[in-house]
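Let the hints inform the model, and build the full structure from the sequences given.
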Amino acid sequence: MKFLALGLSALISLTASSAFAEQPFFAKKLDSGLELIAMESHKVPLVTIVLAVRAGGMTETPETRGLTHLWEHMFFKGNKRIPNQEAFNKRIRQLGIVYNGDTSAELVRYYFTLPSAFLDEGLQFMADAISTPLLEQVELEKERRVVLNEYERSEAQPSFDYRNLERKLIYGQEDYLRDPLGIRRVIENASREQLYKIKDEVMVPSNSALLVSGDFIPAELEKMVAKHFKDWADPKDWKPVVRPGFQKFPENVNFVMTRANVQNASIQFTFQGPKAKSDVADSFAADVLVNLLEHTNGKFYKKYVDSGLTFGAGFSYYTQSQAGELEVTAVTKAEDATKVQKMLLEEMNEWTKEDYFTADQLEDVRRNLLINHKRELNAPSSYIKSLAFWWGVTGLDYYNGYLNSLQKTGLPEVREFVKKWLIGKSSIAGILLSPQDAKAASLKDSSQALVAKYLGDYKVAPKASNQAPATKG
Amino acid sequence: MCNKTLLLAITGLLSFSGLSLASTSLVSEESIATQKKLTSVHKLKNGTPVYVRTIPDSDILSVVVSYSFGLKDLPVGRKVLNEWYWSAKSLATKTYPKAEMFSLKEKYGLGVGCTGGIEFSTCSLDAIDDYWDKGVAVLASVIKEPAFTDEDVKLTRDRLTAKLKNTPTDPGTYSNEIINEIYYPVGHPYRLNHDEALKELEGLKKEDLNKLQSAITGANAMRIVVVTSMPADKVVKDLNAALGDIKTVKLAPVAVSAPKIDDKKTYNFHDRELPTAYIRMKFNAPGAKEKDRIGSKLLFEILSEELGEEIRTRRSLSYSVGSAILQYNAGLGLIVASTSKPKETLEAMHVVIEALKKKMYSDEEIREYKNVFATNYFLTQETHDSLSSAISSSLDYHGTTDELYELPKQLEKVTAADINRMANQYLKDFRVGVIYGRKDFEDKWATDFVSQHLASSNQKKK
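These protein sequences, in sequence, are chains A and B.
With my numbering applied, the first sequence corresponds to residues 12 to 484, in that order.
With my numbering applied, the second sequence corresponds to residues 1173 to 1634, in that order.
Be careful, since some hints might not be right.
As a list, the in silico DSSO-like pairs of lysine-lysine whose alpha-carbon atoms are at most 30 Å apart [said to hold, decoys possible]:
hint, chain 1, residue 1, chain 2, residue 2
1, B, Lys1419, A, Lys313
2, A, Lys450, B, Lys1337
3, B, Lys1316, A, Lys314
4, B, Lys1585, A, Lys396
5, B, Lys1585, A, Lys101
6, A, Lys313, B, Lys1437
7, A, Lys101, B, Lys1530
8, A, Lys470, B, Lys1515
9, B, Lys1337, A, Lys353
10, A, Lys436, A, Lys313
Quick caveat, the hints were computed from the structure, so don't treat them as lab data.
Everything numeric in this text was worked out from a predicted model, so none of it was measured.
Below you can see the structure in the form of structure tokens.
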């Protein structure tokens, strides 16, 4: 094949080239402040439309905690053109729309894929939903119960308390800024007024982007967008929401939590990590480190995964702009939990040594990042959602330089990163396992006092009035 | 819209047939013809069929090697081999010991792996064209000569044990076992619960993996699908060199019939204190080769929408409610819901099912459901790997790609009367599984639901 015929040196030179410098999408800012980002692909006769908003936990208050997520649900209800959710659902079927939405700490996305023949109608549908939602009381009452069931599904997971406790320990009183699901009490008491306030604060064109991928002609798309989104405007004197910063990362906390139905033992260390907007170079180093530790011929993988010592172990970094977390995790047999926890903590020191990662491994990581990018582009309907993530969290300038920056990140930068963020730094260290396994492994649940102190908000019983409504059935 | 005729000629673009809000065609004849034209059929020298689907202007490739072998083909006591064998198979081979295998995968970004299915299993390769040679060599080695070293046998056994033990952790996942316990009688070819699998695993050895390798690696047991922009003759030539020497094996196909309902085993409850109940139902539905296989896909799309409309939109009883059809040789229908109001939810399900049996949809309504179906259909053709999987599934059950390529055209023929007939024919004899706190759930709620839809009791009433 042409690539192999060039030999390894040529192969390496390609990885470092600007093969991906030219992005496959175009971006443009409309007069309203709305950004239009679009990527043409004519593989299948479909288009995917994403509306992304820089909102989520980070734009909430303790009183509106979880309500951006509730708003996301209300988005799929009635608006000025479509009177209620039943009519909304009918329109979805008419246009052949496959849709969903998600809310995270820093981003809200609404997205649908539909036949490209219906692009014009689809854009109008999206414009109506975001600019003229009715947010009616009767619909709010209905959707509140649906969101509460979503909350209950999360609550049914054995890791529910662990995740909430960890967040509380790291972010203290400001934990609501990182908790898009919110708490039951706030969801139960949510009002239309609160939803309207969210609409005016964050669901505005200057805080949003419209992203389109698939089978369209750019000039026609631009005309359609201009036509359908022309009446969507920022409220007068609109300014982005600014929320308080976070407390200093806490001193070391160690706990063991037992919950019924947990199988095996989950071990986790969480450290403070770089914020993608202010610690840019470190955020790239974090991503390279993640990939190096996943290298199947690397020391870490061999020692912890391929040896069978754990059923899975790794390091993760979730790119965010307002906060940063680094996680070292493993799943083991309960009897190995303490030993592996200790080993992992010591292992991080090894990551700074010159022979822990090799130049060949780094080269493999770089090449695979490029190959994976090709695969991403091969799926325009999901790539455009990823692009929405980068737009919302880091901005497109960061993303445009992302792959090239990762290609330039070397092992010295990775080692410096480990020293700066992990070695000797405080962490939240926890083990989650079943009471039976804890007993067999001579571990005691040490989380009860922390749970009692911090998770009171999550332990409130459902409101008695949370009953199913009378229906036409 | 864009000039599709021009683009079709250049890139092989698929197109709807002049879709508009008033149209009835989901896919153009031209699109179907283009897909067929881009697919060529070949045979290796040992008889293994190869289907090459060309995707112009792309340097990504996807290969799926499908085996006529799955869980159904293993006897009770050895069923867990299905998952164990396929997970251990791609770790290392006689030509490529593990370190070398890992090196090749890392260096060339090769995605090589195997998965055991209910009726068919697969080994697959995802790569870019530049590394085709390396990828085919690794894939062929995985298929022909897995090493099953002592270390890997232990490693994969331990991992599988941990995975099986983990089954009850997530109530959503566990609800599938709760319902399987009563849906599939002991000995049914599709049945394997996690506790049964754990027991089986204790009695199996490395030799069992090697024996299975010899028994199923046959030219007559495999079919290859390649989605690529590379010329088909080169693809076939290289596959011949890599896989053309595989001999045939003696296959003993296992016949599968849909599980018969046992009136004494229609409901299974698992007591767990949870904030929401998990309800899961299974019932017989048209299999992959049955006459109603296409119409029933639309029936289940409609059932899912109607359940969502009534239970989520109108009554706000559930965040997650829906239905699906799984089409193996024996098909099955699935209804799932999470709810903190299980009594009301079961009542609402009854209302939806009864309404669906009585309702005659308008042509416009049927067309709307078909539109959504068509979008999902084209989404499966978006990427190389999803397309190769879809082609492979079409070949598994029908021996032709026409089943996939003409699916929208066949779907167009489904009428409101068909939906009404199928609703009455198939929405019955539900087996119900529930996970929830004992004090929060009365068995009667589920048994009443089951009784209302038992074909035998309804016949007696008539």
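We went through each hint and held it up to the structure:
{"no.": "1", "hint": "B:Lys1419 with A:Lys313", "result": "violated (36 Å)"}
{"no.": "2", "hint": "A:Lys450 with B:Lys1337", "result": "holds (18 Å)"}
{"no.": "3", "hint": "B:Lys1316 with A:Lys314", "result": "holds (29 Å)"}
{"no.": "4", "hint": "B:Lys1585 with A:Lys396", "result": "violated (35 Å)"}
{"no.": "5", "hint": "B:Lys1585 with A:Lys101", "result": "holds (22 Å)"}
{"no.": "6", "hint": "A:Lys313 with B:Lys1437", "result": "violated (47 Å)"}
{"no.": "7", "hint": "A:Lys101 with B:Lys1530", "result": "holds (20 Å)"}
{"no.": "8", "hint": "A:Lys470 with B:Lys1515", "result": "holds (25 Å)"}
{"no.": "9", "hint": "B:Lys1337 with A:Lys353", "result": "holds (25 Å)"}
{"no.": "10", "hint": "A:Lys436 with A:Lys313", "result": "holds (26 Å)"}
Violation of the numbered hints given earlier is confined to hints 1, 4, 6; the remaining hints are satisfied by the structure.
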